[in-house]
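Colleague: Given the sequences, and given the hints that come with them, work out the whole structure.
Protein chains: 6
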Amino acid sequence: MINLEKIIEFMNIIAPPEQKEEGDNIGFLVGRINSEITKCVLCLDVTLEVIQESIELGAQLIISHHPLIYKPISSITDQTLQGKKILDVIKHNINIFSAHTNLDASEQGINDYIAGLLDLQNVQRFDTQDSAWQGGRIGEMKEPITLINLANKLITILQDNSIRLAGKRDKQVQKIAFISGGAGKTEYLRAAIDMGADCYISADFAHHTALEAYEKDFGLILCSHYCMERVILKRLRQFLSAQFKTVQFIISSKEKNPIDTI
Amino acid sequence: MINLEKIIEFMNIIAPPEQKEEGDNIGFLVGRINSEITKCVLCLDVTLEVIQESIELGAQLIISHHPLIYKPISSITDQTLQGKKILDVIKHNINIFSAHTNLDASEQGINDYIAGLLDLQNVQRFDTQDSAWQGGRIGEMKEPITLINLANKLITILQDNSIRLAGKRDKQVQKIAFISGGAGKTEYLRAAIDMGADCYISADFAHHTALEAYEKDFGLILCSHYCMERVILKRLRQFLSAQFKTVQFIISSKEKNPIDTI
Amino acid sequence: MINLEKIIEFMNIIAPPEQKEEGDNIGFLVGRINSEITKCVLCLDVTLEVIQESIELGAQLIISHHPLIYKPISSITDQTLQGKKILDVIKHNINIFSAHTNLDASEQGINDYIAGLLDLQNVQRFDTQDSAWQGGRIGEMKEPITLINLANKLITILQDNSIRLAGKRDKQVQKIAFISGGAGKTEYLRAAIDMGADCYISADFAHHTALEAYEKDFGLILCSHYCMERVILKRLRQFLSAQFKTVQFIISSKEKNPIDTI
Amino acid sequence: MINLEKIIEFMNIIAPPEQKEEGDNIGFLVGRINSEITKCVLCLDVTLEVIQESIELGAQLIISHHPLIYKPISSITDQTLQGKKILDVIKHNINIFSAHTNLDASEQGINDYIAGLLDLQNVQRFDTQDSAWQGGRIGEMKEPITLINLANKLITILQDNSIRLAGKRDKQVQKIAFISGGAGKTEYLRAAIDMGADCYISADFAHHTALEAYEKDFGLILCSHYCMERVILKRLRQFLSAQFKTVQFIISSKEKNPIDTI
Amino acid sequence: MINLEKIIEFMNIIAPPEQKEEGDNIGFLVGRINSEITKCVLCLDVTLEVIQESIELGAQLIISHHPLIYKPISSITDQTLQGKKILDVIKHNINIFSAHTNLDASEQGINDYIAGLLDLQNVQRFDTQDSAWQGGRIGEMKEPITLINLANKLITILQDNSIRLAGKRDKQVQKIAFISGGAGKTEYLRAAIDMGADCYISADFAHHTALEAYEKDFGLILCSHYCMERVILKRLRQFLSAQFKTVQFIISSKEKNPIDTI
Amino acid sequence: MINLEKIIEFMNIIAPPEQKEEGDNIGFLVGRINSEITKCVLCLDVTLEVIQESIELGAQLIISHHPLIYKPISSITDQTLQGKKILDVIKHNINIFSAHTNLDASEQGINDYIAGLLDLQNVQRFDTQDSAWQGGRIGEMKEPITLINLANKLITILQDNSIRLAGKRDKQVQKIAFISGGAGKTEYLRAAIDMGADCYISADFAHHTALEAYEKDFGLILCSHYCMERVILKRLRQFLSAQFKTVQFIISSKEKNPIDTI
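Chains as they are written, first to last, in our numbering: chain A, 273 to 534; chain B, 273 to 534; chain C, 273 to 534; chain D, 273 to 534; chain E, 273 to 534; chain F, 273 to 534.
Some hints could be false.
Here are the computed lysine-lysine pairs in the DSS-like style, where the Cα-Cα straight-line distance is at most 30 Å [said to hold, decoys possible]:
id : chain 1 : residue 1 : chain 2 : residue 2
1  : C       : K343      : A       : K440
2  : B       : K356      : D       : K447
3  : D       : K528      : B       : K447
Rather than coming from a laboratory, the hints here were simulated on the basis of the structure. Since the model is a prediction, treat every value here as computed from it, not as a measurement.
Modeller: Here it is, written out as structure tokens:
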């Protein structure tokens, strides 16, 4: 049994709050700081199913990547999906903690982890030049690789069977930029080009961004947002379990990718 | 035992939501719409003391004038006073409903009630000209009255022993404008003057507004915000008790004026 | 041989400029109004490949859905992809005309065409409530259909082998809202729910929108932006060929979906 | 007889203009810089009564705390109270000089003077953290004192018989923050709490600020704006009389608190 | 001897305040409404010389076209040119009244007067389409006239020896738009073109506006701002003298064009 | 024959891009960077006549002071004057390069050149204090000179027969501020006064600025925008011809001042 405050302190080392993107809403979002924790569910999103699972497991804490509250709210009633979730977790003494863009950005976080899985060299932080966040990563493969082979590598690493690409399949790429999650705006693509990358990887892209990559003969890999970020949960469980031996950390088994590839 | 939805429907007749001031946050703020209500506490503010009282009474509903959530919030934890309150009421199945500027404005609301207590004639709605709200009232005393006598009348009506005034004590006033609560900005004073009033009554005034009233030889009566609005609770209890005979409506006995006149 | 002005007049009937979304840049974008047209290429995007194809074909006009100039520009040089395209088309006397959100919206346009292909009944215009555009459509299938069957129908209709969905595959849907192209923001989903639809169809969705559809047990079909809009080109060629018998209208054969499903 | 310019130079030492709050309008507001001064009236506000008194006294200068012109003006006619005042003072060769937030803030100014009257130790400047002004003060009483006793002390020091408080009367307070005049917004209260104060003193508070102090078990003393600032006039007369022996400095005897405690 | 209020009432008929351009500051700007007027100076600008002239003449009123106060002011001291003027006029009991864009626009005003001097037919109000003001005029010469001849006509009508033009000297013009004073922005030129005019007349033009007129083969006549507006003073004196027989209305003889053609 | 890139590199030394005013649009505006240049036309504005002249001369480059594109554009068609120009130059393989506020500001630029022609001493950069640009100049004549004599000197130097002035003709001036082109706003006049100048020279002034100069007894010289900037072309031709001996640099002989002094 561990006091929630201890877990929060540790999470703030894993994903320092000051590394969040401006405007993000992270950290301790719902609950009481002195709660005693024996079971904690890890997930991407605090869905109704994840809450139900947590109640059934008797968990006192959910650590999510996406914040349960993002845009500030003016009421907490069962008249909204989000209000219903908050009522449920408070009623069942479940605390909510979210590590979002700070977990993307940190050295124990998602993008550094993916850089390691790709075995990248000379890894630097990556973002558009105007942004203070710099939560993505840019680095080099040891050897050039074709775009299609890099995409196939990611299918394995991220367990993402819905990966798509823009650009020539046989384009040789070596310097690779990426940001986990929904960094699909064209400005990220352009930042990757400006930084000398051969390829950019993220999720939630629109047509015109893919077209620009294609026309500029640049490599673009379009991941599933869900898979590209959920890859961190296992690693997070390792960190937390090693630190808090008396707490059971459980990756949600009810959560699934909301986008269903036919 | 009455379903919360029924009480909300009735409150929305007493204080129609569409009569609220733009930007106000009113109505059903915390809880579950299908809650069964047997006891309901009425108060001005949802203070810690009012919540404690409600818990002890076993109430399932608090109807307050001031909204528990006004500025939208990004977290609900015991690290803030407001978060602590929300956690407590949800934990104890207490629902929160607030009727604020709509209760000021409506025909069963505060300002109409005060107009009746003052026995005003030709009562019209009152507000600055630019505002769509028009929640205050303006009307005429049957006979002219000195400013000090009007102030003394309000001491009795509002049970407010901290009333102050600006302007000549023996000024004769007959046409009177007022807005319950903190409508102390100078623009309200000016609207009252423009409307031909002799006197304006509200709360939460600053020095420069009182000075302007004094220099313009206009009557200003500075009430306690607490007393000027809490006067409605008895009347509200009457309405609610008459409508819902099986529910006990209790005016908070723990609440008191936070401003203490020495 | 037909004067460009005549073709523009006809296109403005097919896709009236006043039906465009506010802020869109449409119509006659590059060239000289009195050009004589014998060959015209139809495409989704004015890519380098489409321009090359048009030059080789000896076309004097490209009619595209996506405008060649969208954000206003401050220079036209070969230092940018877009500048290079503009220099090329002007150099080769190729005029550019784009019908974008007005073609989405009009009665001869994309969304009405899709409504017909789906054999929808009671078809109304659809958009978020605050928007003046109302370029999408909402209507009813003759019989309820499962979400997966609707998705399969769209695979055929749009020749889109990359369609994905969010929500239960066997959910019965009958009332269907959709907007061709990249109307993937959550506000469109919410508008569809508010309008009583069972399902919303568009392209360029992000994870959190799909998740919201899934959690609200709503049907969401995620099309390819390319396929959902390019479906209009054949129909457009029919209209134009019927009207201008001496002009050859050619659907670009070089254009392809920039997003490549592995 | 002293040239106005000399008095302005001296006032700018007592209350350096650069210490004013951003947006304040201070200094030499009406008149001619080379006026010869033999009599000068000191006041809080340039009221009609103060002007009448100055005319009768034959004064050539009024030094006020509150600026005669605050919001910029577009006309100077007798159709407005302020215009009438300006016409009168110009007609009677009376110059106007105001030292406002710079007099609050300076080392010879109001807040430092009050700190001295309270015999505070370790006095620092005080304001909200975001503000560049820092015109208030925070410091420590030599011994803890109950809130009610501190309030009574202020009644004597400020000659203010309308002081009120929020919070427990017997709360022990030692570290005290304050800003002279109308710094009654909740953000000042919060700044005082963040700085570790036990109590905050100012004027022009609204109900919700007092309630927040009460609920957070913090001490709040609500002074009269008039008394809290007028306390400086005697001291100012001392400074000026010592510096300009040939000029008569007269504290207005016609000015009175516009707020009248019944 | 006439009360100022009567003159203001009459001026408000000649130049109705509601015809002013949004944001303009017009009307009774300095003084006392009940002043008795025997002499009144008329001028374009309230210059130091005009004030000196008015003092010497013993005038109690200056009626100017350009407002003495345009941008709101925060002080009235001899440290600024404008402050010095205001101090002087108040000291000498001179009232200031200005009729600016309302005098440009009204039926007894500048532009209608010029239309008459040019003997224009079918005179309509003129301004950019987005503006609510519509204070200029557009109308037709009875016969076409060359641009140079029209310019020469204006030299006589406006007594303006510094008139310049842009466009072909021998261009035939018949439909003419104009706005008295400094309406030299390119948007006015474009409005004139859109309204089918052949020529636009105003003052205070910049190079790029003249260039655009020249390149579009449009006629532009660049008057002196001073002459184009001062033409109204004689007419204004006629109106006022006819109405107020006991008041002497004097056109300033000290005022001159600040721009000196070498 | 010289590659355009070389000429651009040299122009960027003559008029460094980083010296442009914020928001200006300068440099390589239309064309292909690898164009081979044998003839180049120099001008103030890219007018239809200058383009025609360039086509007839067989020039491949126009270097203008005023940018052909200033406000960003959304179409390039013959329906606008500017579009027609762009179509023409692209069709005829004419490249456009503009050096605008950077040429005003640079050490080889317009204002430094004028400073030399006036033989000024202690020349410093000049602009309003808030501006980062500082492209004008301020300096001292060796001997004081009357305003009218300075104006006559400029008539000769700038070959400008339309120079006008504001202020006393016989005012002695020695310290002189100026900005080439349309820096006629009053703020520049005030900056010149604040910097201790006796006189300010620019173009495109309005009446109220001249009046302010006149009333403040300051010297103002109102040049022709055209003449004040076109003076640089000869010098620019010298620089360019010396650097690129195989290219013919021709000052446009078709361009003329669009403002025609009668």
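Colleague: Now tell me if each hint is right for this structure.
Modeller: Now for the hints, and whether the structure bears them out:
About 27 Å separates the Cα atoms of K343/C and K440/A, which keeps this hinted pair within 30 Å; it holds. Pair hint K356/B plus K447/D holds up; C-alpha atoms about 27 Å apart against a cutoff of 30 Å. Distance check on the hinted pair: K528/D and K447/B sit about 26 Å apart at the alpha-carbon level, within 30 Å; holds.
Checked against the numbered hints above, the structure violates none of them.
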